Amino acid sequence: MKANLKYNICWLILMVAGFYLMNALILVGVIDSFLENMVVTIGINIILAVGLNLVIGFAGQFSLGHAGFMAVGAYATSIMISKTPTAGVFYLSIIVGVIIAIIAALIVGIPTLRLRGDYLAIATMGAAEIIRIIINNMKMTNGPSGMFNIPQFATWPVVYIMVCVTTIIVVNFIHSRGGRAALAVREDEIAADSMGINVFKWKLAAFVIGAATAAVAGSMQASYVQTIAPNNFNIMESIAILIIVVLGGVGSITGSFVAATILGIVDAALQSFGALRMVIYALVLILIMIFKPSGIMGAKELSFKRLFNPKSRKAGAKS
Amino acid sequence: MTTLLNVEDLIKNFGGLTAVSDVNMHLNDDELVALIGPNGAGKTTLFNLLTGVIVPSSGSITFRGSDGLIPLNGMKAYKIANLGMARTFQNIRLFKELTVLDNVLIAMTANYRENFVQSVFRLPKFYKTEARIRQEAIELLKIFDMQDDLDQLAKNLPYGTQRRLEIVRGLATKPKILFLDEPAAGMNPEETADLTRLIQQVQHDFHITVLLIEHDMSLVMNLASRIYVLDHGSLLAEGTPKEIQNNDAVIKAYLGEEA
Amino acid sequence: MTTVFQQLINGLSLGSIYALLALGYTMVYGIIKLINFAHGDIYMLGAFWGYYTINFWHFNFIFALLSAMVVCAAAGVVIEYFAYRPLRHAPRITALITAIGVSYFLENGMSYLYGADTRNFPQVIKQVNYDLWGVRVSNIQILILVTACLLMVLLQLIIKKTKMGRAMRAVSVDPDAAELVGININRTISFTFALGSSMAGAAGVLIGLYYNSIDPLMGMTPGIKAFVAAVVGGIGSVPGASLGGFLIGLLETAVQSLGFSAYKDAAVYLVLIIILLVLPAGIFGKNVKEKV
Ligand SMILES: Nc1ncnc2c1ncn2[C@@H]1O[C@H](COP(=O)(O)OP(=O)(O)O)[C@@H](O)[C@H]1O
Ligand SMILES: [Mg+2]
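Protein chains in written order, with UniProt numbering: chain A, 1 to 319; chain B, 1 to 259; chain C, 1 to 292.
With the rest of the complex left out, here is chain A (with noise of 0.2 Å):
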């Protein structure tokens, strides 16, 4: 108990320190709009990456419909805070989103996650491409041309602490009773089976979970760009983020973090090589591969209890 109280307050300690720091940089002028821009994009794609890796790392589901579910609470924003632009109204669309993409999630869950791997991630592609055609040909979306124009809410504050808590409740719950099942079920299914654990309705509270937080970072994505289209959520959205969990290391939350900072950074660094970005980008992302095959991360994760007891072989809990 106590030595939970002390981690947490190490954990604790460190968002309020990030908070801090980044509040220090704009004031000083070290962080301009221009890395502002890029801090809070990293921040987005955590919030993506993060929810992607409890599906697939944990759960070992692999999902390739993320950005459908990212759509959901963009466009629920979107409407939203178009029609009422108030701060209440923001926070009132952040649930809503959550809300249908649960829906969505549980819609396009139950029937599919009867299926393994490759099929399940073909399968999960295709649900999102309807959820983004049907954005595309509603009336209410605006259709293809997207929204513009629409209130910004979400300033990189706001963005911090949906990062925090968005990786706060995965994380806790990967380290609690049904994030222990959700593990069991990667790992063995029939053995996890066999000893009494629902498998289907501990894939199905991973996958739900993780559009959740898929449809905050949508909500983000939206107020704080201010445009959308239904183009941006499309396979390779989706194939974007799947990135970013794969070069941290499937299974690694940390890994989720440091890749989504290394490639905001990076992508930021190319803007000015014009096209030749894409191809230095692929370039890296294959040799990243090979080299590291499991990831920048592994599955390694940072944690205060073995920083603090060294010896301790276990490969840590945030908490």
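Because the hints were derived from the structure by calculation, they are not lab data. Certain hints may be false.
Said to hold, decoys possible - Reference listing, derived: stretches of chain A covered by chain C, where coverage requires no fewer than 3 residues with Cβ under 8 Å from a Cβ of chain C:
no., stretch
1, 69–75
2, 206–217
3, 246–259
4, 285–293
What the hints assert, rightly or not - Here are some chain A residues the structure puts well away from chain B; computed CB gaps all over 10 Å:
no., residue
5, G18
6, E36
7, N37
8, I99
9, R116
10, Y160
11, I169
12, S176
13, A181
14, A184
15, M195
16, N232
17, I239
18, D267
19, L307
Bear in mind that the values here come from a model prediction, so they are computed numbers and not experimental data. All C-beta atoms in this analysis are idealised placements derived from N, C-alpha and C, irrespective of residue type, glycine included.
Using the hints provided, position chains B and C with the ligands relative to the given structure of chain A.
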């Protein structure tokens, strides 16, 4: 002495192959029964049928629950497990990339509750529950002398220890019946003797029923109060160790193969 | 009635392109369990090769088609050698990301070197439309169908009748056992990539003729559709890929002709999901259950 599990006319076909054919058997409260038979006799298949991993082609399996008889045919494996049936696997199926402690905690999933809000916001109740079940898990591991391996990954354990962890994991589900599929396979004589003692102790202390598949005859004869002999999917004989040792059909089936 | 036949012809033409592409996905998946994301970009390379050789070297159609097949086969082998072979024993998701990297590399490399704009594919064969009982069929459509079917028959013969084909089947069933009986795994996998990529190259030239426009990103959508086709047919199954390709092509045209063209991709994915729910391993795929 009452019947806990009753199996009638159980049949399983795989395509043209009848792996289990017309098996009738029963397990009583608080007894240790062995299931023997040559390789390919259908013992593991029978376990799979009883624990719901595969569905019988025909026949019935009935379990005596706290409020009446429950037919298990076609029931999902996890529901059967939650009624009080646990098993180990002939080809060890631990959660390899997880720690010893997590392996055991996972098996306890159905026996405690944590609600989402408690765990996600780390309310005091969460830490209390975690501490309690962790203690329970450690107590179980102590019986099998594994309390020092809590943070080891299951895949890094020596082979014999992995088999023992499978038993602990089974016990952690709080079963009424424990199915052990060749728990001593690949162990040296010393380990086997150790395990024999443990199985006996656990069966006695926890008042559970154990159905044991084993090839080591001395282990079987020492432990079991009754023995079922399976051959080519059918029951060849049933009886006490003494009766089985003197059963002509069994002797023929076992010796006949070598002669 | 004539419109039904009209759509049938259109659907079959489109479907044969998907089928040619799907064959490459299915063969590669069958042998190394990799979703070769870069396969659609090989098809783009084929189309560009056709474009350049016809325009600047004045190749005729047959020559452009055959040379595109050879060049794409080589490209497939090179990509496998450098990008996928080092990862043969890595987690499968790693290889998948590498394939995505290769895809990005080809798409953006082409954009960088030759520009991202769309260009008109040279009309190496003049389009002639025939009117068969009210159904309009172009010589290009007939050419696509005939070429695609010929190639599929040829592929089937190679897989069923040649030593290399037998090796491919052996490796896809059990690579370790195949190696034990003396099959050269690396050569077999290279050969598989060569075969699949040559089909994609042919499809690229054919689509250039049919749609008359090409660009560096042209492989993305048909690539994904063709993969869906391979999954629908049962990934790993060669006849399944052909069938899936034609099915998807027909479905798309049907939905389009009913006036729902905005939903044609949604229909494809919906059918995909429904087929997988009924047949979790596709139409011709075997659903192997794990033995406990
Ligand atoms: N899932 C399955 N599919 C097909 N045949 C099976 C399957 N499981 C077991 N068998 C066959 O059933 C027979 C009995 O096997 P098993 O129950 O494992 O025997 P034992 O455990 O007594 O050695 C064997 O011939 C085996 O090949
Ligand atoms: Mg067996």
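Practice task
Please flag the earlier hints that this structure goes against, numbers listed from lowest up.
Solution key: Hint check: 1, 2, 11, 12, 13, 14 and 15 fail, others pass.
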